[in-house]
Structure formats: C-alpha cells, structure tokens
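Turn these sequences into a full structure, and let the hints guide you.
Take the sequence shown: its letters are residues -26 to -1, 1 to 130, numbered as in mature numbering (1 follows the signal peptide of the UniProt record, and there is no 0).
Hints in this document: simulated from the structure, not taken from any laboratory. Among these hints, one or two may not hold up.
[Said to hold, decoys possible] Capping the alpha-carbon separation at 20 Å, the derived lysine-lysine pairs in PhoX-like fashion look like this:
#1 Lys55 to Lys25
#2 Lys14 to Lys118
#3 Lys111 to Lys82
#4 Lys55 to Lys99
#5 Lys105 to Lys9
#6 Lys71 to Lys82
#7 Lys114 to Lys14
#8 Lys25 to Lys68
#9 Lys99 to Lys51
#10 Lys9 to Lys71
#11 Lys14 to Lys52
#12 Lys99 to Lys68
#13 Lys71 to Lys118
#14 Lys118 to Lys52
[Claimed, not checked] Each pair of labels, with its calculated beta carbon distance range:
#15 Asn2 to Ser26: 31 to 41 Å
#16 Ala83 to Val63: 31 to 41 Å
#17 Lys129 to Ala64: 20 to 30 Å
#18 Ser126 to Pro96: 13 to 23 Å
None of the values given here were measured: they were computed from a predicted structure. Ideal placement from N, C-alpha and C gives every residue a C-beta, glycine not left out.
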Amino acid sequence: MKQKTLTTAIICLCLFLTYKSGIAQANNPGLQQIKSSIQKINTLYYELFAKSDASIINLYTDDAILLAPNMLPINGKKALKKDFEDTFVAGKVKGVKFQTDNIYGDGKAYITEEGTWQVFDPNGKVLDDGKYLKLWKLTKAGWKIFRDSFNSNHKI
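Now the structure itself:
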C-alpha cells in the first residue's frame, strides 16, 4: 500500500511540475519571442533547402551535430556541408518543413525545441514525417542549431 501511495504522489508531483512549467513558458514573453525567432529560422531552412542553397549550414553552430536515425552522427559544419550537398545532388528531397510545438529552457544560452517535421519530394509529395528535438545555442549571430535529432513516425 505504501508503494502505491508513493507512486501516486510522485506522479502527481511530476504532473504539477509539468503544468507549472507550461504556465511559466506561456507567461514568459521572452520565450515567446525566442519561439517566434526559431519559427522564422525554420521557415528560412525550408526556403534554403528548396533552393538547394548550401548556406543552410549557416543556421548551425560550427560544432553542431546532426543525429539522424540509422547513421552515425554528422559532426561539425564541414560534415554538414557534405551531407547537404550529397542530399541536394541526389535530388530526391526538395523540402524539409518543421512545425514547432514547444520550447523549453530559460533562453539565456540554450533552448530546446520540440516539434514535428515533413520531408517533400520534388513534386511536393510528403515522403516521410516524424518528430524532432533541436537544441539551440545563443551565439553572437543569434540562435543557431547546436544539436539536431529526429526520427520517423513510420517503421522502416
């Protein structure tokens, strides 16, 4: 009986803290401004990808890491540039769209973004979709993607 009461108390505490965190974010205009900035960068990402523009790597920090499923981490801008160039040359993907659902953090140095994504072929057909977490780092040039991790909603 004591175990059940303790478990219930822990669950209630976790729910309360999650609720309070959500209210704090909703009432924090600084976080809302950061979320808006991130959404604008995600729109730019989509536009640059659609044009096969290699400057898309400038949205990442110099020491960024892309953590894609079923492959080794892609470390740093040089590796990211090669990955994007290979993807552009292959011509199978013409767009990647992100939808920010939530952001977490205090906005002082890092922000975590949670959301969903879609990948499009050259005809605009959705090839895949899933969810992601991005860790953003505040740099002298503004918010940049520091860690980028995603996975599909579909089985391989």
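Against the structure, the hints:
1. Between the alpha carbons of Lys55 and Lys25 the distance comes to roughly 15 Å, so the proposed pair stays at or under 20 Å and holds.
2. This hinted pair checks out: Lys14 and Lys118 have alpha carbons roughly 12 Å apart, not beyond 20 Å.
3. For the hint linking Lys111 to Lys82, the alpha-carbon distance of about 9 Å falls within 20 Å, and the restraint holds.
4. Only pairs whose Cα atoms come within 20 Å are accepted, and Lys55 paired with Lys99 is rejected, the gap being roughly 25 Å.
5. Straight-line distance between C-alpha atoms of Lys105 and Lys9 comes to about 17 Å, which keeps the hinted pair within the 20 Å bound.
6. With a C-alpha separation of about 26 Å, the suggested pair Lys71 and Lys82 falls outside the 20 Å cut-off, and the hint is violated.
7. Simply put, Lys114 and Lys14 have alpha-carbon atoms about 18 Å apart, close enough for the 20 Å limit, and the pair holds.
8. As the CA atoms of Lys25 and Lys68 are separated by approximately 8 Å, the hinted pair is consistent with the 20 Å bound.
9. For a cut-off of 20 Å, the pair hint linking Lys99 to Lys51 is broken: about 29 Å separates their Cα positions.
10. Pair hint Lys9 plus Lys71 holds up; C-alpha atoms about 16 Å apart against a cutoff of 20 Å.
11. As the CA atoms of Lys14 and Lys52 are separated by approximately 24 Å, the hinted pair breaks the 20 Å bound.
12. Taken as a hint, the Lys99 and Lys68 pair is honoured in the structure, with Cα atoms around 10 Å apart against an allowance of 20 Å.
13. For a cut-off of 20 Å, the pair hint linking Lys71 to Lys118 stands: about 17 Å separates their Cα positions.
14. Restraint check for Lys118 and Lys52: the C-alpha separation of about 16 Å stays at or below 20 Å, so the hint holds.
15. Remark: the range hint 31 to 41 Å for Asn2 to Ser26 is upheld by a beta-carbon distance near 37 Å.
16. Between Ala83 and Val63 the CB atoms are about 36 Å apart, so this pair conforms to the stated range of 31 to 41 Å.
17. Taken as a hint, the range 20 to 30 Å holds for the pair Lys129 and Ala64, whose Cβ atoms sit roughly 23 Å apart.
18. Taking the beta carbon of each, Ser126 and Pro96 are about 20 Å apart, inside 13 to 23 Å as hinted.
In summary, the numbered hints that this structure violates are 4, 6, 9 and 11.
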